[in-house]
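Residue numbers (this note's numbering): 214 to 554.
Each hint should be verified, as a subset may be incorrect.
[Stated by the list, open to error] Pairs of lysine-lysine residues, derived as DSSO-like cross-links and limited to a Cα-Cα distance of at most 27 Å, are as follows: (1) K448 / K481; (2) K428 / K508; (3) K485 / K551.
[As the list claims (entries may be wrong)] Pair ranges (Cβ atoms, derived): (4) R314 / I252: 44 to 50 Å; (5) V255 / R370: 31 to 37 Å; (6) Q299 / F469: 38 to 44 Å; (7) N450 / Q299: 44 to 50 Å.
Everything labelled a hint here was simulated from the structure, so no lab data went into it. Quick reminder that beta carbons are idealized off the backbone N, C-alpha and C, glycines included.
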Amino acid sequence: MRKGKIFPAAIDKSFSCDRAGQKERNPHNMEIWEILLLIVGVWAAFEIVFSAIVFFAAFRRGKKRGVEGTGEAYMLFEPLYREEKQYADGLEKREVSVTARDGTTLKGDFYPAPNARATLLYFHGYRGTSADFCFCIRFFHSRGFNVLLPDQRAHGRSGGKYICFGVKERFDCLDWIKFAGETLAQGLPVVLDGISMGCTTVLLATELDLPDQVKAVVADCGFTSAWEQIKHTIKTNMRLPAFPSLYLVSLFARIFAGIRLRGCDTRKAMEKNTTVPVFFATGTRDRVVPPEMTKQNYEACRAPKMLLLTEAAHGMSYLAAKAEYEKQLEDFLEGCLKQID
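Between the sequences and the hints, there should be enough to build the whole structure, so can you do that?
Below is the structure:
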């Protein structure tokens with residue numbers, strides 16, 4: 214009897230332990246999945262927040278950064294810049310404005326030259342303003358160029374909430390060309406000039422239906438596309454992988470700024486450009502926009518072209534190699550304008 218009673222009890226106890234073991238294992242397995250899901254969720258949330266911060270910091274209108282290349286490199290040439298600014302401040306100047314095709318009000322400064330034979334449109338770089346590039350006015354005035362310095366959208370006095378890295382600015386460039394040709398200097402040829410993001414702006418504009426009055430382009434240290442430049446910044450400056458942050462930044466750009474980062478590429482624009490001559494310049498010590506991007510644009514360009522390489526930092530080629538830069542640029546522009554004189 215005792216054995217009979219013990220045996221069922223033993224079976225029941227063993228059965229109970231097995232079921233209990235199963236109940237203990239299931240919660241344990243769920244904890245692993247919960248941890249994995251938590252890790253994935255935290256990582257995804259971090260990437261989304263990080264990418265949003267990058268987007269709004271890079272694209273949203275903000276404080277003026279200052280002269281292109283500001284830093285130790287710029288400090289070496291500050292006396293020269295101040296001298297040229299003082300010269301520009303003493304010139305006749307008109308504030309002008311145009312309305313972009315999306316309704317944004319764009320403003321700039323126009324410096325008329327006596328007996329002008331052409332008009333220069335000079336587009337500044339990322340987070341700069343038109344006033345940053347007054348150092349070029351004396352050079353162009355002395356050679357018979359009016360100078361028009363626009364504030365790009367979301368910069369300076371111009372309207373706009375988001376910087377578009379040349380994607381929307383290329384259309385603004387067309388609006389300025391039309392304004393210059395119809396209002397400021399009727400019938401005069403136009404030369405487009407840009408530095409950094411301004412360079413990208415004018416190169417992308419060549420892919421559009423440019424008026425015949427555009428006779429040359431000066432392209433100083435521009436990036437090939439917003440996608441490539443932001444990718445370079447994330448990988449080089451932030452030392453982070455481009456995926457998935459770059460793709461999320463691109464998504465935010467489409468949602469908030471209404472642009473596609475991969476939608477415009479200066480290399481493709483240069484492949485299509487067979488008529489407008491381009492003067493390319495960049496500094497081999499540029500750590501902001503890789504000099505290779507200028508070289509790629511130069512190689513892709515099918516129109517008459519010239520390339521000037523200096524031992525300068527970003528945006529400093531003109532100031533660092535002023536005599537050589539002016540000599541080569543003058544020869545280039547004279548060749549372009551001689552055909553219409």
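Against the structure, the hints come out as follows:
no., hint, result
1, K448 / K481, "24 Å, holds"
2, K428 / K508, "22 Å, holds"
3, K485 / K551, "24 Å, holds"
4, R314 / I252: 44 to 50 Å, "47 Å, holds"
5, V255 / R370: 31 to 37 Å, "43 Å, violated"
6, Q299 / F469: 38 to 44 Å, "40 Å, holds"
7, N450 / Q299: 44 to 50 Å, "34 Å, violated"
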